[in-house]
Amino acid sequence: MDFELSAEHRMIRDSVREFCEEEIAPIAQEVENEHRFPAEVFEELGELDMMGVPISEEYGGLGGDQLMYALVTEELGRVSGGIGLSYAAHVSLGSKPIEMFGTDEQKERWLTPLASGEEMAAWALTEPGSGSDASDMDTIAEKDGDEYVLNGTKQFITNASVAGSVLVKAVTEPGEGYDGISTFIVDPEEDDGFEVTTVWDKMGLNCSPTCEISLDDVRIPEERLLGEEGEGWKQTMKTLDGGRISIAALSTGLAQGAYEAAKQYSGEREQFGQPISKFDAIRDKVVDMYRKTERARLLTHKAAVRYDAGERVSTESALAKLDASEAAREVAEDAVQVLGGYGYTEDFSPQRFYRDAKLMEIGEGTSEIQHLVLGRQLGL
Amino acid sequence: MMKILVTVKEVAEVEDDFEIDGLGIDEAYLEYDLNEWDDYAVEEAVQIAEAGDDVEVVSVTIGPERSEETIRMALAKGADRAIRVWDDAFESVDLLDVAAKTRLLAAVVEKEDPDLVLTGVQAADDGFGATGVSVADEVGFEWAAVVNELDLDADGGVANVRRELEGGVEELTEVDLPAVLTIQTGINEPRYASLRGIRQAQRKEIAPMSLDDLGFDASALDSPIALTGMSEPESESDATLFEGDAEETAAQLAEVLREKGVGAQ
Numbered sequence: 111m112d113f114e115l116s117a118e119h120r121m122i123r124d125s126v127r128e129f130c131e132e133e134i135a136p137i138a139q140e141v142e143n144e145h146r147f148p149a150e151v152f153e154e155l156g157e158l159d160m161m162g163v164p165i166s167e168e169y170g171g172l173g174g175d176q177l178m179y180a181l182v183t184e185e186l187g188r189v190s191g192g193i194g195l196s197y198a199a200h201v202s203l204g205s206k207p208i209e210m211f212g213t214d215e216q217k218e219r220w221l222t223p224l225a226s227g228e229e230m231a232a233w234a235l236t237e238p239g240s241g242s243d244a245s246d247m248d249t250i251a252e253k254d255g256d257e258y259v260l261n262g263t264k265q266f267i268t269n270a271s272v273a274g275s276v277l278v279k280a281v282t283e284p285g286e287g288y289d290g291i292s293t294f295i296v297d298p299e300e301d302d303g304f305e306v307t308t309v310w311d312k313m314g315l316n317c318s319p320t321c322e323i324s325l326d327d328v329r330i331p332e333e334r335l336l337g338e339e340g341e342g343w344k345q346t347m348k349t350l351d352g353g354r355i356s357i358a359a360l361s362t363g364l365a366q367g368a369y370e371a372a373k374q375y376s377g378e379r380e381q382f383g384q385p386i387s388k389f390d391a392i393r394d395k396v397v398d399m400y401r402k403t404e405r406a407r408l409l410t411h412k413a414a415v416r417y418d419a420g421e422r423v424s425t426e427s428a429l430a431k432l433d434a435s436e437a438a439r440e441v442a443e444d445a446v447q448v449l450g451g452y453g454y455t456e457d458f459s460p461q462r463f464y465r466d467a468k469l470m471e472i473g474e475g476t477s478e479i480q481h482l483v484l485g486r487q488l489g490l
Numbered sequence: 034m035m036k037i038l039v040t041v042k043e044v045a046e047v048e049d050d051f052e053i054d055g056l057g058i059d060e061a062y063l064e065y066d067l068n069e070w071d072d073y074a075v076e077e078a079v080q081i082a083e084a085g086d087d088v089e090v091v092s093v094t095i096g097p098e099r100s101e102e103t104i105r106m107a108l109a110k111g112a113d114r115a116i117r118v119w120d121d122a123f124e125s126v127d128l129l130d131v132a133a134k135t136r137l138l139a140a141v142v143e144k145e146d147p148d149l150v151l152t153g154v155q156a157a158d159d160g161f162g163a164t165g166v167s168v169a170d171e172v173g174f175e176w177a178a179v180v181n182e183l184d185l186d187a188d189g190g191v192a193n194v195r196r197e198l199e200g201g202v203e204e205l206t207e208v209d210l211p212a213v214l215t216i217q218t219g220i221n222e223p224r225y226a227s228l229r230g231i232r233q234a235q236r237k238e239i240a241p242m243s244l245d246d247l248g249f250d251a252s253a254l255d256s257p258i259a260l261t262g263m264s265e266p267e268s269e270s271d272a273t274l275f276e277g278d279a280e281e282t283a284a285q286l287a288e289v290l291r292e293k294g295v296g297a298q
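Chains as they are written, first to last, in the working numbering: chain A, 111 to 490; chain B, 34 to 298.
It is worth saying that the hints were derived from the structure and are not from the lab.
Beta carbons are placed, not taken as given, at the ideal position from N, Cα and C, and that holds for glycine.
Where hints are given, some of them may not hold.
Chain B stretches covered by chain A per the calculated footprint, using a threshold of three residues with CB under 8 Å from any CB of chain A [stated by the list, open to error]:
| id | segment |
| --- | --- |
| 1 | 214-227 |
| 2 | 231-242 |
Cβ-Cβ distance ranges computed for the label pairs, FRET-style [as the list claims (entries may be wrong)]:
| id | chain 1 | residue 1 | chain 2 | residue 2 | range |
| --- | --- | --- | --- | --- | --- |
| 3 | A | 131 | B | 252 | 41 to 47 Å |
| 4 | B | 60 | A | 131 | 56 to 62 Å |
| 5 | B | 275 | A | 447 | 34 to 40 Å |
| 6 | A | 397 | B | 182 | 48 to 54 Å |
| 7 | A | 116 | B | 248 | 32 to 38 Å |
| 8 | A | 378 | B | 248 | 38 to 44 Å |
| 9 | B | 97 | A | 408 | 45 to 51 Å |
| 10 | A | 248 | B | 49 | 54 to 60 Å |
| 11 | A | 388 | B | 175 | 55 to 61 Å |
| 12 | B | 275 | A | 394 | 51 to 57 Å |
| 13 | A | 167 | B | 205 | 32 to 38 Å |
| 14 | B | 56 | A | 131 | 39 to 45 Å |
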């Protein structure tokens with residue numbers, strides 16, 4: 111077992127960190143307050159080849175591995191959960207499935223602009239009445255000649271309002287449950303009947319648009335079917351195995367950012383004649399923050415390394431996502447506490463990490479669903 | 034075909050709170066990074082290469098194996114290949130002085146035969162601020178120090194430069210090639226290395242060069258300068274806080290300024 115990153119991975123992490131500290135950290139709170147998707151930041155991420163890290167070079171990606179992608183995602187999370195979330199959704203959910211399940215023509219047309227950062231990606235699984243139980247899906251796709259006609263409503267879709275393509279899950283065989291779901295590539299600009307009906311105001315992550323979308327007789331050519339009819343759920347499971355690693359990485363970044371803020375503050379803030387980090391109560395808290403962050407990172411990297419070895423990672427990615435998301439929320443909460451009154455103000459980052467971290471326990475499978483997945487994997 | 038040689042250095046950066054250990058700073062408080070001035074020199078060279086047809090950018094450093102990561106950053110930003118000068122003999126040297134660096138870098142210049150050598154004005158750690166000009170003198174190149182604007186006329190063999198002098202004075206001058214220019218921060222906006230650049234840099238050549246390769250033995254590192262002590266300078270700060278409304282505080286400020294002689298005839 112080798113716990114050291116390669117020189118290449120380390121260099122990429124350090125370089126991304128420098129960019130994040132210089133270009134993103136100074137505006138992280140501002141874009142939250144403005145509820146503004148920072149398109150200019152994503153343009154720069156594209157120029158630095160960050161938008162397609164684990165996508166093959168043939169389609170404009172970097173050709174890096176999942177570990178490299180996890181490192182980049184963690185660094186984004188360390189400064190901005192919202193930018194990190196839009197980034198992870200773009201790569202893991204909106205781009206990666208096209209690479210895994212698309213035809214060469216589909217990759218050429220749809221994946222290349224995503225991997226190079228010209229366009230943002232989204233995917234649409236959740237519906238108003240269908241969350242953890244995705245088999246209870248109402249969005250339907252009916253074949254009509256050489257076209258499909260999509261109707262339904264999708265809920266909590268990250269990036270939908272800024273996306274160049276959305277991977278929409280819809281029922282092609284009603285009554286077949288998981289085996290009746292298929293995936294379609296929808297173009298929000300060109301396809302009539304696609305409408306973003308709501309951009310939600312949220313507890314956090316407000317620079318990352320979370321949308322409700324309505325599909326009203328959206329007609330798309332049959333070449334927009336991703337993979338085969340009925341494969342939608344299998345694709346989803348495979349996509350989430352990778353996606354959960356990125357949410358774990360993002361959560362690790364949130365925890366790291368919160369831990370660093372608390373560590374620095376506790377070393378500078380003096381009360382009763384000494385830095386508060388010298389008091390057992392605060393020292394132990396900061397040490398625990400470090401412990402949880404490091405644990406989250408190790409589980410994340412283990413899942414990523416196994417993914418890169420081509421092994422199944424359902425257990426590892428669920429475990430990493432479950433642990434890291436809880437670590438992020440706990441570490442961020444403690445960071446607010448360490449900073450006291452200042453931690454509760456928007457002038458300091460811990461409150462933002464705290465707000466952002468909560469979603470990590472909900473999106474891409476709630477913590478309860480991760481327990482369900484893990485229980486099954488353990489044969490319980 | 035034009036060749037630009039850029040000298041780069043890995044410098045130690047010290048944390049705000051640190052401890053001195055003998056003649057140096059305790060390693061626990063040090064982080065290593067590419068010297069800031071050199072980052073601008075690399076950027077300048079790469080921009081020339083991008084604007085020109087056939088320009089090769091070669092980066093050279095004197096440093097231990099650890100410094101490969103630093104010089105690889107120059108490769109990631111667009112340098113074509115690199116040279117790293119090192120030898121076991123360096124391990125026992127406390128202070129590599131300007132004369133020793135000049136000997137080594139001049140030997141590399143003679144081997145590579147570049148049209149232009151770009152160095153940083155100074156290094157952020159030992160800060161001699163002399164190596165670039167000293168190398169120019171040794172190899173007989175023209176030179177200009179503290180360059181903050183460069184317009185290269187490669188066909189005419191002339192570098193039009195703007196130099197930053199003391200007291201805000203600037204000088205515009207022409208320097209015939211081959212030349213050494215020491216590059217000031219602010220001359221350009223150094224890019225972030227792209228991730229593809231970093232990946233490609235892993236496969237670019239960093240050629241090792243020993244003292245022997247450059248035609249020297251260990252005596253090339255000898256220096257009349259010895260490091261005899263390291264201490265933190267005493268620092269004093271004197272802050273006065275004026276309290277009251279604008280009129281009162283302005284009066285207090287005016288009084289202090291008068292006392293200090295500001296505005297006196």
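Here is what the structure says about each hint:
A stretch counts as covered by a chain when three or more of its residues have a beta carbon under 8 Å from one of that chain; for the segment 214-227 of chain B and chain A the count is 3, and the coverage holds. Evaluation of the coverage hint for the segment 231-242 of chain B: fulfilled, as 4 residues show C-beta separations to chain A shorter than 8 Å, against a requirement of three. Between residue 131 (chain A) and residue 252 (chain B) the beta carbon distance is about 44 Å. The supplied range of 41 to 47 Å therefore holds. In this structure, residue 60 (chain B) and residue 131 (chain A) break the distance hint of 56 to 62 Å, their C-beta atoms being roughly 24 Å apart.
For residue 275 (chain B) and residue 447 (chain A), the Cβ-Cβ distance of about 36 Å falls inside the hinted range of 34 to 40 Å, so the restraint holds. Separation of residue 397 (chain A) from residue 182 (chain B) is about 51 Å and conforms to the stated range, judged on CB atoms against 48 to 54 Å. At about 36 Å, the beta-carbon gap between residue 116 (chain A) and residue 248 (chain B) stays in the expected band of 32 to 38 Å. Taking 38 to 44 Å as the suggested C-beta distance range, the pair residue 378 (chain A) and residue 248 (chain B) does not conform, at roughly 53 Å.
In this structure the hint that residue 97 (chain B) and residue 408 (chain A) lie 45 to 51 Å apart at CB is violated, the actual value being about 30 Å. In this structure the hint that residue 248 (chain A) and residue 49 (chain B) lie 54 to 60 Å apart at CB holds, the actual value being about 58 Å. The hinted window of 55 to 61 Å between residue 388 (chain A) and residue 175 (chain B) holds, with their beta carbons roughly 59 Å apart. With their beta carbons about 42 Å apart, residue 275 (chain B) and residue 394 (chain A) fall outside the hinted range of 51 to 57 Å.
For residue 167 (chain A) and residue 205 (chain B), the hinted distance range of 32 to 38 Å is not satisfied, since their beta carbons lie about 45 Å from each other. The hinted window of 39 to 45 Å between residue 56 (chain B) and residue 131 (chain A) is violated, with their beta carbons roughly 32 Å apart.
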